[in-house]
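Peer 1: One letter stands for each residue in the lines below.
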Amino acid sequence: MTEPMYRAHVAVCAGTWCKALDEADLAEAMLAEISRRGLAEEVRVVRTGCRGFCSVGPVAVIYPEGIFYCRVGMPDIAEIVEETLVKGRIVHRLLYAEPETQRRLPRYEEIPFYSKQVRIALRNCGVINPDLIEEYIARGGYEALGKALTTMTPEQVIDAVKQSGLRGRGGAGFPTGLKWEFTRKAPGDIKYLICNADEGDPGAFMDRSILEGDPHSVLEGMAIAAYAIGAREGYIYCRAEYPLAVQRLKAAIAQAKEYGLLGERILGTDFSFDLRVKEGAGAFVCGEETALIASIEGRRGEPRPRPPFPAVSGLWGKPTNINNVETWANVPPILSQGPEWFASIGTERSKGTKVFALSG
Amino acid sequence: MSETRTLRSLDDLRRLREEAHREIRVREATGTKIIVGMGTCGIAAGAREVMRAVMDELAARNIEAHVTTVGCIGMCAQEPLVDIVQAGASRITYGKVKPEMVPRIIAEHLVQGQPVEEWVVGQTTSF
Ligand SMILES: Cc1cc2nc3c(=O)[nH]c(=O)nc-3n(C[C@H](O)[C@H](O)[C@H](O)COP(=O)(O)O)c2cc1C
Numbered sequence: 001m002t003e004p005m006y007r008a009h010v011a012v013c014a015g016t017w018c019k020a021l022d023e024a025d026l027a028e029a030m031l032a033e034i035s036r037r038g039l040a041e042e043v044r045v046v047r048t049g050c051r052g053f054c055s056v057g058p059v060a061v062i063y064p065e066g067i068f069y070c071r072v073g074m075p076d077i078a079e080i081v082e083e084t085l086v087k088g089r090i091v092h093r094l095l096y097a098e099p100e101t102q103r104r105l106p107r108y109e110e111i112p113f114y115s116k117q118v119r120i121a122l123r124n125c126g127v128i129n130p131d132l133i134e135e136y137i138a139r140g141g142y143e144a145l146g147k148a149l150t151t152m153t154p155e156q157v158i159d160a161v162k163q164s165g166l167r168g169r170g171g172a173g174f175p176t177g178l179k180w181e182f183t184r185k186a187p188g189d190i191k192y193l194i195c196n197a198d199e200g201d202p203g204a205f206m207d208r209s210i211l212e213g214d215p216h217s218v219l220e221g222m223a224i225a226a227y228a229i230g231a232r233e234g235y236i237y238c239r240a241e242y243p244l245a246v247q248r249l250k251a252a253i254a255q256a257k258e259y260g261l262l263g264e265r266i267l268g269t270d271f272s273f274d275l276r277v278k279e280g281a282g283a284f285v286c287g288e289e290t291a292l293i294a295s296i297e298g299r300r301g302e303p304r305p306r307p308p309f310p311a312v313s314g315l316w317g318k319p320t321n322i323n324n325v326e327t328w329a330n331v332p333p334i335l336s337q338g339p340e341w342f343a344s345i346g347t348e349r350s351k352g353t354k355v356f357a358l359s360g
Numbered sequence: 001m002s003e004t005r006t007l008r009s010l011d012d013l014r015r016l017r018e019e020a021h022r023e024i025r026v027r028e029a030t031g032t033k034i035i036v037g038m039g040t041c042g043i044a045a046g047a048r049e050v051m052r053a054v055m056d057e058l059a060a061r062n063i064e065a066h067v068t069t070v071g072c073i074g075m076c077a078q079e080p081l082v083d084i085v086q087a088g089a090s091r092i093t094y095g096k097v098k099p100e101m102v103p104r105i106i107a108e109h110l111v112q113g114q115p116v117e118e119w120v121v122g123q124t125t126s127f
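Each protein sequence line maps, in turn, to chains G and R.
Counted from 1, the first sequence has number 9 at position 9 by the working numbering; the numbering is strictly sequential.
Counted from 1, the second sequence has number 61 at position 61 by the working numbering; the numbering is strictly sequential.
No false leads were slipped in.
Taking CB as the label site, the calculated pair distances span:
1. Q114/R to R36/G: 38 to 46 Å
2. G113/R to E241/G: 50 to 58 Å
3. E79/G to G113/R: 34 to 42 Å
4. K116/G to E117/R: 40 to 48 Å
5. R36/G to G46/R: 16 to 24 Å
6. G113/R to D274/G: 50 to 58 Å
7. K250/G to V121/R: 53 to 61 Å
8. E108/R to A20/G: 48 to 56 Å
9. A89/R to G200/G: 53 to 61 Å
10. C76/R to S35/G: 23 to 31 Å
11. G122/R to E100/G: 38 to 46 Å
12. T124/R to A254/G: 49 to 57 Å
To give an idea of the interface, some chain R residues facing chain G are shown, with a C-beta separation under 8 Å as derived from the structure:
13. R8
14. L16
15. G39
16. V67
Computed cross-link-like contacts, PhoX-like style, restricted to lysine-lysine with a CA-CA straight-line distance of at most 20 Å:
17. K351/G to K116/G
18. K87/G to K96/R
19. K116/G to K354/G
20. K87/G to K98/R
21. K87/G to K33/R
Calculated from the structure, these hints are not laboratory results.
The C-beta atom is built at its ideal place from N, Cα and C for all residues, glycine as well.
Based on the provided sequences and hints, a complete structural model is requested.
Peer 2: Listed below in structure tokens is the structure:
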């Protein structure tokens, strides 16, 4: 390998919230200081998506130790580089303090907010650079798609999703595998997939975290479903108020196409699937699936009575499978780690994990 | 974009994954840590050159280990100091390490599991 091997990574949050706090671009300033100290070949700065603990942001995590620094500002950068990156010492004043005891916790795994979480849909958020498909692949990304395409029939994929007990994360909680089966069985040659990324509920940012922090997890989930359902085209309907999410999705789609993970003959198989991003028009009601479909078609975003359900007659009257962002992001781990594993997590009637957003 | 990046099979994907994984290894847990003393005493004695040699050697042999730094531990006369910490083994400290010594330390200690006794200046049981 000609690439230098870095001994340390500084992960700087580049989610919407931390970026908004950090007017001067921390990652850029960190990189400049690292270069100034002659560490550019040893220490890498990685811009990640949101880690979820926005109330202590902007956060920076120093690997390999996993040192978690909170509310990092420009004046802290020189000290972090000097103390932690050069000398291997912790800057105590930037550590997270446990609210009850004020005890400082150096590593993010020790912080209860993180140690109590099981992350499935958020598995890569805050850990990888969402603009680099290679980092997603390095964490096992697109392996589930490869497995589905080369070792499973479409029916087996649907069975696995059914067995996992995954239910829609968009609100109604409909069993995902069953919905896929309806769309697969609906008559018609042309079928569509839609990702509902409208996230209109005030204060909610679960879907935004995934889209900004790990867009490929959604793309991979959709490609797997396209194979299972028999669709060749899909849309991601993302609210225009999420410009960073739109930008990262578009970049992710372009990279996946470059690697042949979207587009024609994916991974050398006969399967082809293409995705495009459609920006929403800013109406809460467009998050409702029939209104959303009307909006993609260029009509007014108004719900219509169901049936017919989109699985039978959706986009341009064709069978259409619509799922929420978080639902899609759960699909690849279900295939790679197995439906039994997924079903072992969660409650009696709802399997897996659920992302929550607390605000206000 | 270029045709050359296209992955044509699951094996192609797995090869890319292996290569890409090297780049993010620093963010994942591993059982081996190499700690280079980077206090003023260490730097003056050549610790930075030693650390570069360690990193080059690890990259060349594709060994999974984390390289970290530590401030002065009070054994300045023995700097540059290099500690090797492995899960389930004692922490071994090498003293007066020079870049030329690094390949042998890595080959014998990390690859073969045999510390280079003659260069060891300290040993502590790790927890
Ligand atoms: C008024 C209204 C607004 C909705 N807004 C959203 C939304 O913002 N995001 C979403 O995923 N689902 C929303 N839904 C639910 C969708 O209609 C649909 O059930 C969901 O996208 C299906 O995906 P799932 O099965 O993966 O949950 C809304 C429903 C209604 C009635």
